[in-house]
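Undergrad: If you want the building blocks of each chain, they are given just below.
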Amino acid sequence: MAQPIIRLEGVAKFFGTFQALKDVDLEVALGERMVVCGPSGSGKSTLIRCINRLEEHDAGRITVDGTELDDDTRHIAKIRAEIGMVFQQFNLFPHLTVLRNLTLAPMRTRGLGRKEAEELARHYLARVRIPEQADKYPAQLSGGQQQRVAIARSLCMRPKIMLFDEPTSALDPEMIKEVLDVMVELAKEGMTMIVVTHEMGFAREVADSMVFMDEGLIVEKAPPARFFAAPASERARLFLGRILAH
Amino acid sequence: MRTDGDAARCRRLLLVAATALVLAGCSGGSYTWGWHVVSPLTDQGQSNIAFLTGGLWQTIAVSLLAICLSIPLGLLVALPGFARNPWLRLVNRAYVETIRSIPILPLMLWVYYGLPVLTGLNFDPFTAGVLTLVISDSAFEAEIFRGGLQSIEKGQHEAADSLGLGAFDKLWYVILPQAIRRILPPLGNQFVYVLKMSSLLSVIGVFELTKKANELVVTLYRPLEIYSFLILEYFVLVVIVSAGVRWLERRLAADQRMARR
Ligand SMILES: Nc1ncnc2c1ncn2[C@@H]1O[C@H](COP(=O)(O)OP(=O)(O)O)[C@@H](O)[C@H]1O
Ligand SMILES: [Mg+2]
Chain A
1 MAQPIIRLEG VAKFFGTFQA LKDVDLEVAL GERMVVCGPS GSGKSTLIRC
51 INRLEEHDAG RITVDGTELD DDTRHIAKIR AEIGMVFQQF NLFPHLTVLR
101 NLTLAPMRTR GLGRKEAEEL ARHYLARVRI PEQADKYPAQ LSGGQQQRVA
151 IARSLCMRPK IMLFDEPTSA LDPEMIKEVL DVMVELAKEG MTMIVVTHEM
201 GFAREVADSM VFMDEGLIVE KAPPARFFAA PASERARLFL GRILAH
Chain B
1 MRTDGDAARC RRLLLVAATA LVLAGCSGGS YTWGWHVVSP LTDQGQSNIA
51 FLTGGLWQTI AVSLLAICLS IPLGLLVALP GFARNPWLRL VNRAYVETIR
101 SIPILPLMLW VYYGLPVLTG LNFDPFTAGV LTLVISDSAF EAEIFRGGLQ
151 SIEKGQHEAA DSLGLGAFDK LWYVILPQAI RRILPPLGNQ FVYVLKMSSL
201 LSVIGVFELT KKANELVVTL YRPLEIYSFL ILEYFVLVVI VSAGVRWLER
251 RLAADQRMAR R
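For the record, the sequence lines run as chains A and B. Position one of the first sequence corresponds to residue 1 (my numbering), numbered consecutively onward. Position one of the second sequence corresponds to residue 1 (my numbering), numbered consecutively onward.
One or more of the hints may lead you astray.
[Said to hold, decoys possible] Part of the chain A face toward chain B, derived, beta carbon under 7 Å:
no.: 1; residue: Asn52
no.: 2; residue: Arg80
no.: 3; residue: Ala81
no.: 4; residue: Asn91
no.: 5; residue: Phe93
no.: 6; residue: Thr97
no.: 7; residue: Thr109
[Said to hold, decoys possible] Capping the alpha-carbon separation at 27 Å, the derived lysine-lysine pairs in DSS-like fashion look like this:
no.: 8; chain 1: A; residue 1: Lys136; chain 2: B; residue 2: Lys170
no.: 9; chain 1: B; residue 1: Lys170; chain 2: A; residue 2: Lys115
no.: 10; chain 1: A; residue 1: Lys160; chain 2: A; residue 2: Lys115
Treat the hints as calculated values from the structure; they're not laboratory data. Here the structure is a predicted model, which means the values were calculated and not measured. Backbone N, C-alpha and C fix where the C-beta goes; we use that ideal spot for every residue, glycine too.
In isolation and in its complexed conformation, chain A is listed as follows:
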């Protein structure tokens, strides 16, 4: 296995007295596509949100591309610059046009001029197949389109790693595919991805590894073929039985 680009060692996270992550060890290789699944409340979001410091871990070490994630704001900034994140609720900036949503961060943090930034933005809008929506506001788009804008917005920062937190859970069924298609394409281009999702078809198609979480623990990590055919743990078996039944 290649050198890990993300490494978690003994990571714990508390919300008050409630422990959301318990002694999590995890390595993600450069170019690896990892799918994280598990019941609601098992700590999947917390896990990936700790990786770009949307949550602060309370114990253990998180290292991204050789930089340790600690209280040093320069480390946090460096790590965030390498990681893009896509949220369940899109979190587009509602007061800005699609184009401005995409150009804001590159112009402010990567020092791009407006022209350059707009070229970059249009390039990624074309890649997520909505080049014609550049001048609309987010609320004028469908959910699927908004999520694709959100993906393009992250890509404009040219991240090495993309985190997805249930990117299709807030979408109407007919829009799920258009978002998954974009993600599959991204995966095929070799992007390092951690995807929290219950879309097992997507997982089968692109995942290099499956992670199953329950009650703040990584219960199982396995290649998809083995995970789907013969999950090692009883809890994973039950979980799969439930979601594949749909």
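Fit chain B with the ligands to the given chain A structure using the hints.
TA: Below, chain B with the ligands without anything else, positioned relative to chain A:
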């Protein structure tokens, strides 16, 4: 809808004013009205009106300056309230709670007469007055900003953070523009409040509307007519400010409607 409400409120107010005047006229049966002192139809009235409205620019200048300066100061006071550092949060709370608890007039007297003793700095009445309004107003505006900024969803912060935007960029480009829409109505009330409180500057000798009226009352001894006129002046100003604020609100609301479609 809103315009109807305004018109109705305006009518109601005028009705109350008229009734009050009539009652005043009836009860003080022996009083001979002297509206000619502020009547635009007589020469004396015209020159009195010119004298009274001569304070207009001072009132407007004081209010505008106070508003323009207190907004950035209010924001500056609000921001430490969001800090992780508890001492910074304490600075915010201490400023807001202290300033809010001081009545404006004593604060102004303190700034004008007291502060020079302490610092050796002498302010002219205009500066002292504006400074007082700015300080007092900033505490209220800090609270308005705090509420507005807090009302923006967590997801907006997280998106900005995950894109690597710095604290200032996040505030300036993402959070504030969205918060402004929610802040504007209470901020508008604050504008009206500042306009009315500018009348207190008459006490330290700024020649704004109220001071002008006081001067004229002393020479003509027609307090009822002159102060009625004074109130009318403020009423007109307040109506103009309110209309301006609502125009802004409607514009922003229209932006948002477009964004919803
Ligand atoms: N900000 C928070 N404050 C308190 N508890 C939280 C917070 N975020 C998550 N939790 C709790 O942590 C647990 C794991 O949450 P999460 O990581 O969101 O689960 P998942 O994404 O797997 O559904 C849940 O029990 C949730 O209630
Ligand atoms: Mg979640």
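Undergrad: Now tell me, hint by hint, if it's right for this structure.
TA: Hint check results:
1. Asn52: With a minimum Cβ separation of about 6 Å from chain B (threshold 7 Å), the hint on Asn52 of chain A holds.
2. Arg80: Constraint on Arg80 of chain A satisfied, holds at 4 Å.
3. Ala81: 5 Å, holds
4. Asn91: 4 Å, holds
5. Phe93: 6 Å, holds
6. Thr97: 9 Å, violated
7. Thr109: 5 Å, holds
8. A:Lys136 / B:Lys170: The given pair, whose Cα atoms are some 21 Å apart, holds under the 27 Å limit.
9. B:Lys170 / A:Lys115: 22 Å, holds
10. A:Lys160 / A:Lys115: 24 Å, holds
Checked against the numbered hints above, the structure violates only hint 6.
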